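S.K.: The residues making up each chain are set out below.
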Amino acid sequence: MEFYLQLVISGLVLGSIYALVALGFAIIFKSTSVVNFAQGELMMFGAYFCYSMVVQYKVPWFWAFLMTLVFSVILALIVERLILRPMIGEPVISIIMVTIGLSSVLRSIVTAIWGTQIQVYDPPLFPPTDVNIMGLPTSQVYLWSFGLSAVLLALFALFFKYSKAGVAMRATAFSNQVALSMGIPVKNIFALAWCIASVVSAIGGILIGSINGINVQLGHFGLKVFPAVILGGLDSIPGAALGGLIVGVLENLSDGVLKSVFGLQGIKEVAPFVFLVIILMIKPYGLFGKKEIERV
Amino acid sequence: MSVSHCGDFKETYRDDMKVFQTPFVRVAVGLFVLLLYTTPLFSSNYVTSTMTTIAIAVIGALGINIVTGFTGQISLGQGAFMGVGAFSCSYFMRVAHLPFWVAMPAAGLTAAAIGMIFGLPSARLKGLYLAIATLAAQFILQYVFMHLDAVTGGSNGIPSPPPEIGSFAFDGDRSKYYLTLTMAIGAVAFTTNLLRSRNGRAFIAVRDHHLSAEIMGVNLFKYRLISFSVSAFYAGIAGSLWGVYTGYISAEHFMIDESIKYLAMIIIGGLGSVIGSILGAIFMTLLPQALTVGTGALASIFPKIGFLIMSFKDGVFGIIIILFLIFEPDGLAHRWRMIKAYWKLYPFSY
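So the sequence lines, in the order shown, correspond to chains A and B.
Letter by letter, the first sequence follows residues 1 to 296 in the numbering used here.
Letter by letter, the second sequence follows residues 1001 to 1350 in the numbering used here.
For reference, chain A alone in the conformation it holds in the complex (with noise of 0.2 angstroms):
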């Protein structure tokens, strides 16, 4: 029993830093109505900016994890201005196929800066001894990662209920041309979906590379992230949010119970994308997902 709480317990750890990068791609989607398959090499490109700042060139967390979020902004905003603004109105398939064309570039980047050896935080972000919660001991890695995010998660669900460019951005992913005729800039909106999808998975990178260490493999990190808005409906981002909890434990508890029964090594890598299957396969649309898709 112990042993299926501490999968329920890391489940739900994996599934909030899910549930943080599946709310950039969300609000990518919602309001550019573009599937951004670099999801996870923002991520990636987040976590080694920081770990540059830490460990090899020895600023204090604080600060670096300040210089990580304005770097992301920027990030985000080169790639916005330079790739994917020239594809504004484009098919489908050709911005798709840019986001996969940028995720190789970024990734190539990150190698050829950082190297392919996993790296580690050090000093650590958060201190590595265990607490105890309900009698089992946990990380406190894990306490902090699931409190962060669920703090941003709440954070942006109250930016885009109240404030102006939250609405804004409503209002953009609802028609752009009713928002550009409102007197939104819609350019800009696009931007700024762009920043807040980068600095979220830049923390998100930041609090699984702090639990995993981090490696170009954070870039497929990412692409788990798709069964995760899938079930949550692609553009709700409480959907997003839930749909990420779930995944994050199922996944965790398949692995585990596969493996003490059947003894499977490595479904934690493919399991979420059977879920992806079975999910399309019932729910297409997803838990809160815009039911208007187009079946056929």
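Worth flagging that the hints you see were computed from the coordinates, not collected in a lab.
Please read all numbers here as calculations on a predicted model, not as lab measurements.
Among the hints, erroneous ones may be present.
[To be verified] Some chain A residues well away from chain B (every beta-carbon gap over 12 angstroms; in silico): (1) S10; (2) T129; (3) Q177; (4) A191; (5) N212; (6) Y285.
[To be verified] One side only, chain A facing chain B, incomplete, derived with CB under 10 angstroms: (7) L102; (8) F273; (9) L280.
[What the hints assert, rightly or not] Below, simulated EDC-like cross-link-like pairs (lysine to aspartate or glutamate); rule was C-alpha separation at most 20 angstroms, straight line: (10) B:K1340 to B:D1008; (11) A:K259 to B:D1149; (12) A:K268 to B:D1149; (13) B:K1222 to B:D1208; (14) B:K1018 to B:D1008; (15) A:K187 to A:E90.
We put the beta carbon where it would ideally sit given N, CA and C, even for glycine.
Keeping the supplied structure of chain A fixed, place chain B upon it in accordance with the hints.
M.R.: This is chain B only, laid out in the frame that chain A set:
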């Protein structure tokens, strides 16, 4: 001497649909095929083997162009379906002792069947969902390749026996080249004709406007599924040939990079164009070789930045995809048409 018209003067649909528009084209294509068949007689083994990989890539690229270029559905699993083809072909030959000529189509059908499992849920939905479903297929199949030891040999890989006719085995560079070249030419001919058929026109109708297509009586679900399984079939054939070419197949060759490479081929070559698939396949096969030579030369001049250049090799694919999408969205096929149009009216280009 055949003279081509400077305008469009066709009077019947039959004229318009002809594969060879003028006798000159027929002769030129014939000569080109002849050239392809005679090249290995005087070229080095390296050139022959490169041309073999190009021929395999042409088959795979044609497959993905049918689903992505003509039907407008994105497939991110071409690499994995090639893997299904390669492993099942080898399995049929080693375990079921089928001759290659039965095993290869069977492998194609296996790839099509497995593709259909993943295509079924998403063929009902917008194009974007097939992209995500095939991405899932890619990762699930990768896992299967690595863990289904009995069929795929796990991470070690498995040998792929050469095909035989009587006592003649296709195990030399030249014979493998002739085999794949013949298959590639067959694939090109089949695709060209497929696109002139009712099925092909239905694919294009689905791509251009699915609502109009449905009103015209095209069953969207059916044609999306057909085009996707035909594409997976091509991938299966290309995979079997890849097995023959290398003689030993391992899962590492069928990872997501391979799928992206095939998508890049048709984007660079030109979506929805047979000649584009061929040009793209040539470009993407020669590019890594040119890059290896180029980076090798640069690295010997500047040893310090050697590592930097080496690790950026993969990124070059990405940059090329992005540049093509932004500056030349119709691909090399468009360039090809421009060149043809230029020479057609030369020197009076007005």
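S.K.: It remains to establish, for every hint, whether it holds in the given structure.
M.R.: Checked hints:
The beta carbon of S10 of chain A sits about 21 angstroms from the closest Cβ of chain B, which is more than 12 angstroms, so the claim that it is off the interface holds. With 12 angstroms as the threshold on Cβ separation, the claim that T129 of chain A sits away from chain B holds: the shortest Cβ distance comes to roughly 36 angstroms. Residue placement check: Q177 of chain A keeps its beta carbon more than 12 angstroms from all beta carbons of chain B (closest about 20 angstroms). Under the 12 angstroms C-beta cut-off, the non-interface status given to A191 of chain A relative to chain B holds; the minimum distance is some 17 angstroms.
For N212 of chain A, the condition that its CB be more than 12 angstroms from all CB atoms of chain B holds, with the nearest at approximately 18 angstroms. Separation of Y285 of chain A from chain B is inadequate, the least Cβ-Cβ distance of about 9 angstroms not exceeding the 12 angstroms criterion. A distance limit of 10 angstroms between C-beta atoms decides the matter here; for L102 of chain A the minimum to chain B is near 7 angstroms, and the interface restraint holds. For F273 of chain A, the shortest C-beta to C-beta distance to chain B is roughly 4 angstroms, which falls under 10 angstroms, so the interface hint holds.
Residue-level restraint check for L280 of chain A holds (minimum Cβ-Cβ distance to chain B is 4 angstroms; threshold 10 angstroms). The hinted pair formed by K1340 of chain B and D1008 of chain B meets the criterion: a straight-line CA distance of about 15 angstroms does not exceed 20 angstroms. Annotation: proposed proximity of K259 of chain A to D1149 of chain B holds, straight-line Cα distance about 17 angstroms (limit 20 angstroms). A hinted pair counts as satisfied when its Cα atoms are at most 20 angstroms apart, and K268 of chain A with D1149 of chain B qualifies at roughly 19 angstroms.
Restraint check: the Cα-Cα separation between K1222 of chain B and D1208 of chain B comes to about 16 angstroms, which is no more than 20 angstroms; the hinted pair holds. At roughly 13 angstroms between alpha-carbon atoms, K1018 of chain B and D1008 of chain B fall within 20 angstroms of each other, so this suggested pair holds. Note on K187 of chain A and E90 of chain A: the hinted pairing holds, with a Cα-Cα distance of about 15 angstroms set against a maximum of 20 angstroms.
This entry does not satisfy hint 6, going by the numbered hints stated previously; all others are met.
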